[in-house]
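Participant: Please model the entire structure based on the sequences and the hints provided.
Each chain, letter by letter, is given below.
Protein chains: 4
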Amino acid sequence: MRTPSFREIAKNFKVIFLDSYGVLKNHKGLIEGVPETIAFLREEGITFRVLTNDASRSQHQQAVVFDQLGLKDLDEEEIITSGMLAKQFLQHKIKEGKIAYLGTENSAEYILQSGLEHIAVRNIDLNNLDDISAFVFLDDEGFDWNTDIDTTVNFLRRKTVPVIVANSDKYYPVSKNDVSVATGGIAKLCESMLNKKFIHFGKPDTQMFNYAFEHINQNGQIFDKEEILMVGDTLSTDILGGNKFGLKTMLVLSGNTRAENADLWINSSGIIPDYICDSILG
Amino acid sequence: MRTPSFREIAKNFKVIFLDSYGVLKNHKGLIEGVPETIAFLREEGITFRVLTNDASRSQHQQAVVFDQLGLKDLDEEEIITSGMLAKQFLQHKIKEGKIAYLGTENSAEYILQSGLEHIAVRNIDLNNLDDISAFVFLDDEGFDWNTDIDTTVNFLRRKTVPVIVANSDKYYPVSKNDVSVATGGIAKLCESMLNKKFIHFGKPDTQMFNYAFEHINQNGQIFDKEEILMVGDTLSTDILGGNKFGLKTMLVLSGNTRAENADLWINSSGIIPDYICDSILG
Amino acid sequence: MRTPSFREIAKNFKVIFLDSYGVLKNHKGLIEGVPETIAFLREEGITFRVLTNDASRSQHQQAVVFDQLGLKDLDEEEIITSGMLAKQFLQHKIKEGKIAYLGTENSAEYILQSGLEHIAVRNIDLNNLDDISAFVFLDDEGFDWNTDIDTTVNFLRRKTVPVIVANSDKYYPVSKNDVSVATGGIAKLCESMLNKKFIHFGKPDTQMFNYAFEHINQNGQIFDKEEILMVGDTLSTDILGGNKFGLKTMLVLSGNTRAENADLWINSSGIIPDYICDSILG
Amino acid sequence: MRTPSFREIAKNFKVIFLDSYGVLKNHKGLIEGVPETIAFLREEGITFRVLTNDASRSQHQQAVVFDQLGLKDLDEEEIITSGMLAKQFLQHKIKEGKIAYLGTENSAEYILQSGLEHIAVRNIDLNNLDDISAFVFLDDEGFDWNTDIDTTVNFLRRKTVPVIVANSDKYYPVSKNDVSVATGGIAKLCESMLNKKFIHFGKPDTQMFNYAFEHINQNGQIFDKEEILMVGDTLSTDILGGNKFGLKTMLVLSGNTRAENADLWINSSGIIPDYICDSILG
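Protein chains in written order, with my numbering: chain A, 1 to 282; chain B, 1 to 282; chain C, 1 to 282; chain D, 1 to 282.
Think of the hints as simulated: they come from the structure by calculation, not from any bench. No residue lacks a Cβ here, since even glycine has one placed at the ideal position from N, Cα and C. Be aware that one or more of the hints could be misleading.
Listing some non-contacts, in silico: residues in chain D with all C-beta distances to chain B over 10 angstroms [claimed, not checked]:
1) Ser5
2) Lys25
3) Arg42
4) Thr104
5) Ala120
6) Arg122
7) Leu126
8) Ser133
9) Arg157
10) Pro162
11) Asp178
12) Gly185
13) Ser192
14) Phe223
Quick partial rundown of chain A residues pointing at chain B, CB under 8 angstroms, derived from the structure [unchecked claim]:
15) Gln88
16) Phe89
17) Pro162
18) Gln207
19) Glu226
20) Lys244
21) Gly270
Facilitator: Here it is as structure tokens:
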């Protein structure tokens with residue numbers, strides 16, 4: 001199952017889905033050699049998309065960050081975030097009222113830009129909730145944890161509205177060893193206090209993969225699932241979701257899963273990638 | 001939100017997805033008046049699909065059962081089961097070896113008909129597992145619970161293979177008051193003993209809805225999610241899944257959810273249908 | 001099961017265990033009439049203890065607060081908190097090193113007064129963890145949620161030490177309608193991020209009841225479990241724990257559980273009190 | 001933490017609690033050398049108790065089995081089972097009606113011998129449940145899994161009674177590699193279908209340890225927790241429970257936990273024994 005070279009495998013596919021953190025970048029910035037790999041994919045005519053559980057930045061802002069890190073030519077259309085799924089859901093299902101949110105104003109502006117007003121949790125008046133029609137967990141920044149989590153819970157105790165989690169990850173890496181609580185972790189705390197289930201978006205849910213699948217198939221070209229390889233560093237999101245959606249999957253050892261743990265984690269989880277590779281560099 | 005007439009609402013949609021048990025039939029057989037409603041949908045030119053968490057019968061066998069119950073003209077193409085998703089997954093991902101299964105021979109024959117050999121749990125030799133490449137939970141019948149659940153667990157302790165659950169429901173109704181453990185319940189018991197997560201198919205997972213969505217869009221016609229209504233009797237599968245996929249949803253009170261509980265269950269779960277209706281008869 | 005008068009029932013018991021919030025006090029302060037009930041218990045010669053999931057204040061500080069609220073003669077020995085169990089555990093099991101904690105300095109001082117140094121999370125140096133030998137979740141106040149929860153998680157990713165949760169409640173009431181995240185909720189968030197199980201103290205765990213049981217039996221008197229009544233307002237802590245420990249239990253409707261929900265909640269949870277009473281006033 | 005000799009450690013304690021399976025016996029019978037270790041404990045004047053999650057046999061029957069295996073002089077008073085806790089609970093809390101059970105007639109006879117009638121699940125008439133006052137999960141044998149689990153669930157859907165699980169283990173070993181579903185696993189399946197929490201007895205719950213603690217202290221002698229060592233082969237039951245109850249704990253590598261996994265499992269679970277030893281033989 002262990003394979004010497006990403007490029008040898010990649011050549012057998014027409015499309016490659018790439019996770020972002022642990023595959024393209026890490027806590028130090030862009031992983032050295034990634035621009036060359038992206039160039040290789042373009043030369044070979046292999047379509048690719050970056051699939052990331054993130055709702056903090058729009059596609060455009062994501063592309064700008066990659067550019068600043070040194071990956072110059074990424075098109076914003078090549079980036080697909082869980083925030084885009086949340087945005088699509090809100091457009092389909094929430095047609096009136098204000099949307100309350102926990103997160104930064106920036107994330108609120110791009111996700112909630114559906115003609116509806118939005119209101120930060122800190123501005124909610126718990127005695128006047130009539131016009132709030134939905135609640136969205138957007139980001140782990142942009143609010144005061146000491147007070148706004150309580151307000152969120154109490155709002156949701158008083159009013160039953162659809163609750164959307166725009167990034168289901170419980171934490172994200174901030175350095176080689178350390179992590180930080182992510183939106184999905186805060187949402188899970190609130191779910192456990194309220195004994196309710198919210199609507200979560202992001203890998204491993206197949207909806208994320210389907211969104212990307214429709215995206216690559218919308219310009220006349222028709223790709224088959226068998227022609228797509230999902231590459232990621234995390235068994236429980238990238239590989240589980242890719243497998244379930246019916247894609248071939250490759251685990252890379254440049255992020256969450258280290259070489260010495262890979263076999264143990266695969267055996268104990270039962271989540272089996274089709275390929276294992278050190279990174280996408282070789 | 002409570003609406004007097006299914007037909008008044010239905011007229012606003014081009015497509016209707018219908019759950020089977022609790023909507024079309026119940027423990028006594030076909031719900032009286034359902035053939036007339038199906039005829040109404042055909043007259044109005046409304047496309048429909050039956051979406052059911054079931055892997056015990058093929059589409060053709062399902063249609064035959066509906067025919068025997070008195071719903072004569074259902075086309076087998078109009079029925080979509082979670083077993084079909086499991087079958088699709090196996091075709092994409094399992095290319096060699098034998099597929100072991102827990103369930104009836106009938107379900108094994110139609111789901112596993114991919115050129116690969118299949119083997120019932122009772123025939124597994126725990127000392128010779130080399131050629132088994134996947135395991136499928138198919139049905140709650142066709143095996144001896146006293147012995148074959150143990151064999152399943154011990155097989156999965158010895159060999160790491162993809163494990164598929166072809167129907168994620170934990171139980172199904174067998175009479176007005178009573179239920180029976182379903183495939184998904186047995187799978188959950190095994191997951192809890194092994195501390196592993198299997199790959200589950202069926203509502204509320206959006207993959208089920210996406211499969212139906214692709215199905216109605218494959219003959220040239222292009223339907224939009226906004227033009228589709230999902231009708232079901234269960235908040236946690238039909239309505240949750242339909243909502244998340246971005247469809248309008250209608251809860252009917254002819255099955256699992258009774259009129260006197262509807263508001264309480266909606267409030268305590270936070271799963272909100274767009275419409276509530278007594279049944280699809282009116 | 002519904003009973004007209006607490007006092008009629010109470011007379012049949014030699015010992016009464018009382019939950020604090022929802023039984024003796026609520027968000028407005030002491031529940032009117034409680035001092036008379038306590039006086040009644042003393043007159044009848046009925047031994048009692050207050051059992052509370054709380055690690056924010058010592059027994060003495062708890063008694064002072066009750067005094068300020070108007071319950072004048074409560075002896076600090078009559079109050080038993082989950083913090084006392086955590087303290088006992090630390091004394092038995094942690095014999096060296098520093099104890100790190102999340103909570104107020106006050107709670108740290110009384111719980112960790114075992115001769116060992118303690119260190120607040122904000123003072124932890126993640127690069128120098130050698131001398132830290134245990135971690136305690138003490139209180140939901142006394143730290144900055146925006147930073148110290150992350151530090152807690154990263155400490156526990158780097159070093160494996162016993163982790164104690166001194167109050168397992170996920171939230172506590174702050175007004176008639178509103179709640180606030182409690183220590184147990186934060187601990188649960190960290191458990192879910194780390195995929196580990198901490199050591200929790202407090203109701204419904206029987207250890208809390210056993211501690212109280214030993215407490216009343218240590219002065220020569222020998223009480224039997226059959227002679228003890230547990231009174232509380234919460235099915236999932238007071239009644240579940242009391243039942244499991246083998247005590248008779250009474251649900252009062254002056255707190256978390258309201259009269260209109262009592263039967264429904266009992267049926268849906270399967271947690272059955274021996275008696276139900278409006279309050280301890282009658 | 002790794003220690004060369006059980007006996008060297010044991011000498012520092014006045015009482016030793018021993019798990020049964022994986023410590024005294026394994027799938028092949030009594031572990032060779034165990035009679036000598038038991039003789040050593042007696043010579044040294046060290047009190048001991050065997051603590052086992054088992055409700056299939058009475059103390060007397062357990063002692064007979066040990067005798068047959070070759071451990072001749074075990075007193076039945078030296079064996080403490082989770083079934084004894086369930087029995088105590090039933091005596092305290094269930095005073096009338098019939099007790100329904102899932103398990104063997106033998107286990108029903110000794111656990112339910114409280115003057116009340118008992119009734120096997122297969123004999124329950126779902127249309128006449130008036131006189132059934134409690135339900136007990138006793139054993140994984142003595143019933144037909146294909147039918148009696150369904151009857152159990154449907155009984156518990158129709159009537160709210162206290163439900164007791166006399167052995168909380170989800171599985172038990174039957175050979176070197178294989179396990180069998182235990183009572184606790186079946187109970188968990190039913191809990192998940194009913195969305196209810198039953199009352200579970202057995203390690204790691206501290207009630208089991210407290211029962212043993214009271215047992216050794218009832219004959220005039222007074223032992224302190226600091227004088228007791230808990231020895232077991234399973235982190236999540238023996239060591240977690242012993243730690244929480246405030247005992248010193250020793251993990252032995254002669255059962256569930258193998259030498260090559262011990263450190264990894266300790267680090268990933270956060271459950272830390274005070275000592276680790278190959279077995280109790282040295």
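Participant: Run every hint past the structure and note whether it holds.
Facilitator: Here is how each hint holds up against the structure:
1. Ser5: Non-interface label on Ser5 (chain D) holds, nearest chain B Cβ at 33 angstroms vs cutoff 10 angstroms.
2. Lys25: Holds, because the least Cβ-Cβ distance between Lys25 (chain D) and chain B comes to about 20 angstroms, which exceeds 10 angstroms.
3. Arg42: Answer for Arg42 (chain D): holds, closest chain B Cβ roughly 38 angstroms.
4. Thr104: 13 angstroms, holds
5. Ala120: The assertion about Ala120 (chain D) holds, with a minimum of 16 angstroms to chain B.
6. Arg122: 14 angstroms, holds
7. Leu126: Incorrect as stated: the minimum Cβ-Cβ distance to chain B is 7 angstroms, not above 10 angstroms.
8. Ser133: 20 angstroms, holds
9. Arg157: 7 angstroms, violated
10. Pro162: Pro162 (chain D) clear of chain B: closest Cβ-Cβ about 21 angstroms, beyond 10 angstroms.
11. Asp178: Check fails; 4 angstroms does not lie beyond 10 angstroms.
12. Gly185: Violated: least Cβ distance 6 angstroms, not greater than 10 angstroms.
13. Ser192: At about 6 angstroms from chain B, Ser192 (chain D) fails to clear the 10 angstroms cut-off, so the statement is violated.
14. Phe223: Phe223 (chain D) is indeed farther than 10 angstroms from all Cβ atoms of chain B, at 36 angstroms.
15. Gln88: 7 angstroms, holds
16. Phe89: Interface hint status for Phe89 (chain A): holds (6 angstroms vs cutoff 8 angstroms).
17. Pro162: 6 angstroms, holds
18. Gln207: 4 angstroms, holds
19. Glu226: Given a least distance of 6 angstroms, the restraint on Glu226 (chain A) holds.
20. Lys244: Hint on Lys244 (chain A): holds, closest Cβ of chain B at ~5 angstroms, below 8 angstroms.
21. Gly270: Result: holds, 4 angstroms to nearest chain B Cβ.
The earlier numbered hints that this structure contradicts are 7, 9, 11, 12 and 13.
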